[in-house]
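Visitor: Sequence:
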Amino acid sequence: MQAAPPSLEVVSGAVVFTDIVGFTEYTAVRGDAEAFELLSTQERIVTGLLPEGARIVKELGDGLLLWFADPAAAIETTLAMQEQFEAAANDTGMPLWVRVGAHWGQPVRRRDDIVGHDVNVASRIVDVAGPGEVLVSEALVSACSQLPPGIDLFELGPVVMKGLPDAVRLYRATRLP
1082 MQAAPPSLEV VSGAVVFTDI VGFTEYTAVR GDAEAFELLS TQERIVTGLL
1132 PEGARIVKEL GDGLLLWFAD PAAAIETTLA MQEQFEAAAN DTGMPLWVRV
1182 GAHWGQPVRR RDDIVGHDVN VASRIVDVAG PGEVLVSEAL VSACSQLPPG
1232 IDLFELGPVV MKGLPDAVRL YRATRLP
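Heads up: the sequence shown begins at 1082 in the working numbering, then just goes up one per residue.
If you are wondering where the hints come from, they were derived from the structure by calculation, not from laboratory data. A couple of the hints might just be wrong.
What the hints assert, rightly or not - No more than 20 angstroms apart at the CA atoms, straight line, and that leaves these computed lysine to any residue pairs for SDA-like:
#	residue 1	residue 2
1	Lys1243	Asp1208
2	Lys1243	His1198
3	Lys1139	Gly1197
4	Lys1139	Val1091
5	Lys1139	Phe1117
6	Lys1139	Ile1126
7	Lys1139	Thr1128
8	Lys1139	Arg1125
9	Lys1139	Arg1192
10	Lys1139	Ala1116
11	Lys1243	Glu1219
12	Lys1139	Ser1121
13	Lys1139	Ser1093
14	Lys1243	Gly1197
15	Lys1139	Val1092
16	Lys1139	Phe1104
17	Lys1139	Gln1187
18	Lys1139	Val1200
19	Lys1139	Glu1090
20	Lys1243	Asn1201
21	Lys1139	Asn1201
22	Lys1243	Gly1211
23	Lys1139	Arg1205
24	Lys1139	His1198
25	Lys1139	Thr1122
26	Lys1139	Ala1150
27	Lys1139	Arg1191
28	Lys1139	Asp1194
29	Lys1139	Glu1118
30	Lys1243	Ala1220
31	Lys1139	Leu1120
All of these numbers come straight from a predicted model, not from anything done at the bench.
Using the sequences and the accompanying hints, generate a full structural model.
Guide: Structure, rendered in structure tokens:
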């Protein structure tokens, strides 16, 4: 007799991907030891900023998959991460240029991992982001009852992304001067 398939546990939250821009070239030119240091710096910064209800789901080469229960905290934290990445790059001379893509949705929990369409959307959003940029979906913005103070959104419009049947409305999140 076969065991019944496990039931799906759907969770609501912000799915965030980070990606270090130029990591492959950096590793080829500077070597594995310096590349390891760059990854360690990214992880230290992210871990130090994660609020309650957020976690690193997994490491993905030179990027991270993050989970946030609070949509506003996801936006606030990713902007704070970018500020600390920039400061670390200036202090150390390491090019810690990270792009961030964030989306609100209802992925499926698979043990400690999350999977599903909304994870795929967040993955495609990070691919659109430039170095030092935080791009967020309209779904994430809509999930916020109120944006954190001092945050501005610049609408990029609907963006067609590989593998997604519909365009996704994206915003660039920044701090107000």
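Visitor: All hints are to be evaluated individually against the structure, with a verdict given for each.
Guide: Status of each hint after checking the structure:
1. Lys1243 with Asp1208: 10 angstroms, holds
2. Lys1243 with His1198: Holds, at about 13 angstroms.
3. Lys1139 with Gly1197: Satisfied, since the Cα-Cα distance of roughly 15 angstroms is no more than 20 angstroms.
4. Lys1139 with Val1091: Holds, because 18 angstroms separates the two Cα atoms, which is no more than 20 angstroms.
5. Lys1139 with Phe1117: 16 angstroms, holds
6. Lys1139 with Ile1126: Distance of about 15 angstroms is within 20 angstroms: holds.
7. Lys1139 with Thr1128: Cα-Cα ~12 angstroms, so holds.
8. Lys1139 with Arg1125: Holds, at about 14 angstroms.
9. Lys1139 with Arg1192: Holds - the C-alpha atoms of Arg1192 and Lys1139 are around 12 angstroms apart, at most 20 angstroms.
10. Lys1139 with Ala1116: At roughly 18 angstroms apart (the allowed maximum being 20 angstroms), Ala1116 and Lys1139 satisfy the hint.
11. Lys1243 with Glu1219: At roughly 18 angstroms apart (the allowed maximum being 20 angstroms), Glu1219 and Lys1243 satisfy the hint.
12. Lys1139 with Ser1121: Since the Cα atoms of Lys1139 and Ser1121 sit roughly 14 angstroms apart, the hinted pair holds (cutoff 20 angstroms).
13. Lys1139 with Ser1093: Answer holds: Lys1139 to Ser1093 is near 18 angstroms, not above 20 angstroms.
14. Lys1243 with Gly1197: Roughly 16 angstroms between the alpha carbons, so the hint for Lys1243 and Gly1197 holds.
15. Lys1139 with Val1092: At roughly 17 angstroms apart (the allowed maximum being 20 angstroms), Val1092 and Lys1139 satisfy the hint.
16. Lys1139 with Phe1104: Cα-Cα ~18 angstroms, so holds.
17. Lys1139 with Gln1187: Holds, at about 18 angstroms.
18. Lys1139 with Val1200: 12 angstroms, holds
19. Lys1139 with Glu1090: It holds: about 18 angstroms lies between the C-alpha atoms, which stays within 20 angstroms.
20. Lys1243 with Asn1201: 10 angstroms, holds
21. Lys1139 with Asn1201: 15 angstroms, holds
22. Lys1243 with Gly1211: Measuring from Cα to Cα gives roughly 17 angstroms; hence the hint holds.
23. Lys1139 with Arg1205: At roughly 17 angstroms apart (the allowed maximum being 20 angstroms), Arg1205 and Lys1139 satisfy the hint.
24. Lys1139 with His1198: 17 angstroms, holds
25. Lys1139 with Thr1122: 16 angstroms, holds
26. Lys1139 with Ala1150: 16 angstroms, holds
27. Lys1139 with Arg1191: 12 angstroms, holds
28. Lys1139 with Asp1194: This hinted pair holds, its Cα atoms lying about 7 angstroms apart.
29. Lys1139 with Glu1118: 18 angstroms, holds
30. Lys1243 with Ala1220: Holds - the C-alpha atoms of Ala1220 and Lys1243 are around 18 angstroms apart, at most 20 angstroms.
31. Lys1139 with Leu1120: 13 angstroms, holds
Violated hints for the displayed structure: none, as all numbered hints are satisfied.
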